[in-house]
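Novice: For this one, chain U is given, so just place chain D on it according to the hints.
Take a look at the letters that make up each chain.
2 protein chains.
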Amino acid sequence: MFAQIITVGDELLIGQVVDTNSAWMGEALNHIGIEVLRIVSVRDRHDEIIQAIDEAMSCADVVLMTGGLGPTKDDITKKALCDFFNTKLVFNEMVFENVKRILAGRIPLNQLNKEQALVPENCEVINNRVGTASVSWFNRNNKVLISMPGVPQEMKVVMTEEILPRLQNRNGSNSVIHKTFLIRNHAESVLAEKLTDWETALPESIKLAYLPKAGIIRLRLTARGDVLLMEELLAKEVSALKEILGNDIIAEDDVSIENLIGDKLRQKKMTLSTAESCTGGSVAARITAIAGCSDYFKGSVVAYSNEVKMSMLDVDAALLDMHGAVSEEVVIAMAKGVAKNLNTDCAVATSGIAGPGGGTPDKPVGTVWIAAVCGDEIKTYKQEFNRGREMNIERAGTNALLLLLTMLE
Amino acid sequence: MFAQIITVGDELLIGQVVDTNSAWMGEALNHIGIEVLRIVSVRDRHDEIIQAIDEAMSCADVVLMTGGLGPTKDDITKKALCDFFNTKLVFNEMVFENVKRILAGRIPLNQLNKEQALVPENCEVINNRVGTASVSWFNRNNKVLISMPGVPQEMKVVMTEEILPRLQNRNGSNSVIHKTFLIRNHAESVLAEKLTDWETALPESIKLAYLPKAGIIRLRLTARGDVLLMEELLAKEVSALKEILGNDIIAEDDVSIENLIGDKLRQKKMTLSTAESCTGGSVAARITAIAGCSDYFKGSVVAYSNEVKMSMLDVDAALLDMHGAVSEEVVIAMAKGVAKNLNTDCAVATSGIAGPGGGTPDKPVGTVWIAAVCGDEIKTYKQEFNRGREMNIERAGTNALLLLLTMLE
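Taken in order, these protein sequences are the chains called U and D.
So that you can map any letter, position 328 of the first sequence is 327 in numbering that gives the first Met the number 0, and since no number is skipped, the others follow by simple counting.
So that you can map any letter, position 270 of the second sequence is 269 in numbering that gives the first Met the number 0, and since no number is skipped, the others follow by simple counting.
One chain only, chain U, in its complex shape (with noise of 0.2 Å):
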């Protein structure tokens, strides 16, 4: 089953937005076996839009929408799905009830809110739980196309709640077995030198696929045909991978590395804080977007002035001024201090230059020190390299996030 993806919008022409839905619209649907052909950007122009979909349906079997669904006038998709099905807008009680829901008490409902309550006719509407644009479900020859809203959170919302588990069904004959493997310590080229000849030497049935983020790397087993048989198959192929990566295995399945923490600390009944210099609190923003963290996760001290160092984490200032805020001594203070002081069992701290000012020759931009503490036993990582502040920062954090982990074997 072949897919492609069209999402909508002038912001995306001129730059003013990111596309991220295609990106991840693309591996949900590589998950369940469905291969994204072609993704296509249009403007909010009717004649465009129905030439993207004409194209689209002519040569994929499932096509995903995205954006134009707003209450505005720039919004323009509904109109150009009417037109492209011929059919009219029709008003939808579900969805007119779900967007009054939305809004209750929120703001009064104006004609635009009514209109949003409009749908085409001749598709089957699912409801959008989050929002306030309904999403539609076409069928025509046997292909499908999918129109849902262009605010990330309630497209990902819609898309792992309703239509995920219905392309999953109509695609169930070709079935499909993945297998994740989390693998910390490799840059992505010395990871697939190493694995060169297993890799090349895999089943035709089995791909391979890298997907890197900031410090790991995902490597994802896809293989396709009779269930018992690729079982087996990968099976073979995956006691092989672990022969040659072992330790390096983080896990052997596609979660986070914050949900392995979590699951640590609930079996080992312990407590987190975190202590946080250039991460700036995005460690602890990491470890609190996994609901029911309460559990384990006490609180952090952002520590971003040398004097917050010293006042809420006890950092000696001799400490700072013979070693500077960046160093190995000041970022193991700063861990034992949070631990002391929110009286948390473990505890990772971080402290570097995320640039672009603040180098110096012996401690360029890009340097992070990075401390864990659990009782008396203490590990300590050192981050190098500038890849630009942000990237800076999101890679102190999985580091440090990893340096927890390991503590916590």
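A few of these clues could be false.
Because identical chains cannot be distinguished in the list, a pair is counted as satisfied if it fits within a single copy or across any two copies.
[What the hints assert, rightly or not] Derived lysine-lysine pairs resembling DSS-like cross-links, with alpha carbons at most 30 Å apart:
no., residue 1, residue 2
1, K362, K99
2, K212, K155
3, K142, K263
4, K142, K267
5, K335, K155
6, K87, K206
7, K335, K113
8, K378, K268
9, K378, K241
10, K206, K378
11, K339, K268
12, K193, K87
13, K99, K339
14, K193, K235
15, K155, K78
For the record, the hints were derived by calculation from the structure and aren't laboratory data.
Specialist: Relative to the frame of chain U, chain D by itself:
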């Protein structure tokens, strides 16, 4: 002059990589008055690349391509270009010298690197001073196609130094002016209704777009044509818009709230801290994403547990018992506590139920209390309605920053 962008690479279609090149190129082209009609991402397949080129050359004056120029065998863009333009690959001395210069001292030159010096015969070759992949400029029927490397850093250097200046010469005087406003206190539909009369009366040459994101709406006016005339027209519409929206216009520029807050704090020589429960450090992370924030941001206390609210923010246990952690009283105490303990002029605090669990009849999931303090001044805001954990947290962060900005005005 119209353009189309083609990005090549399997990694884009399986969602391994987000296509950020297209947005960057779209914005750059827009600023020199070239409008992007369409962005197409295709796989590393010979026929699919040629089809995309054929479609693009038939409707656009300028076609920009990135990707598929690497040394490995899955990079086939050059071969596809040769077939489309009926030419063959020939050795290019300048490119070879550049490849040798780039690789010098890093890796030994191998056959694959030598092949990077092969370029299509009938194109103008443009040097890529920061990478080994060469840039090809094709002319046909007064249209141009430019093939560039997919590595964003390389593409940006080539575009900035070589491609944009040449395109600007071709395009002459016709240009585009954008004016963007940040709007607060409005749902998209409410804003659209309020602006209906003004919007419908806009001259043909001025287009309007709504770009909502987590509680803020960016309103973008785009004018095309003669520069002087446009600026006159825009000035008229802008003042009319200000009449309607007044103080709900946060900024007349496409900037972030984080930057606006930073500017205000610098002007007033004031310092900032945050106290975060449900936002878990994400407000601090957003503030510290801005380079140079150490001028005004001292730090944060992420008080996820009540224990930490008491020990690090001096929140009175009785207050927590009486009103609960998610209350106006407690969130004010948190803001005051962090301002005192981190010794800052201003502070903002959040406490809420992000969900999915933890809701009660009187405090349902999605309820977030926010407080901002500056000296003796206190402002609070209650966020309601559940949009899912991720969006609840993101909106709470945006509303916290908005409340702080209002206070600084």
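Novice: Now, for every hint given, state plainly whether the structure supports it.
Specialist: Status of the hints after comparison with the structure:
| no. | hint | in the structure |
| --- | --- | --- |
| 1 | K362 with K99 | between (56 Å within a copy, 21 Å between copies) |
| 2 | K212 with K155 | both (20 Å within a copy, 15 Å between copies) |
| 3 | K142 with K263 | neither (45 Å within a copy, 54 Å between copies) |
| 4 | K142 with K267 | neither (51 Å within a copy, 60 Å between copies) |
| 5 | K335 with K155 | neither (39 Å within a copy, 37 Å between copies) |
| 6 | K87 with K206 | between (44 Å within a copy, 26 Å between copies) |
| 7 | K335 with K113 | neither (57 Å within a copy, 43 Å between copies) |
| 8 | K378 with K268 | within (20 Å within a copy, 39 Å between copies) |
| 9 | K378 with K241 | within (25 Å within a copy, 56 Å between copies) |
| 10 | K206 with K378 | neither (37 Å within a copy, 56 Å between copies) |
| 11 | K339 with K268 | within (17 Å within a copy, 33 Å between copies) |
| 12 | K193 with K87 | between (58 Å within a copy, 27 Å between copies) |
| 13 | K99 with K339 | neither (49 Å within a copy, 43 Å between copies) |
| 14 | K193 with K235 | within (18 Å within a copy, 64 Å between copies) |
| 15 | K155 with K78 | within (23 Å within a copy, 37 Å between copies) |
Of the numbered hints stated above, those contradicted by the structure are hints 3, 4, 5, 7, 10 and 13, listed in ascending order.
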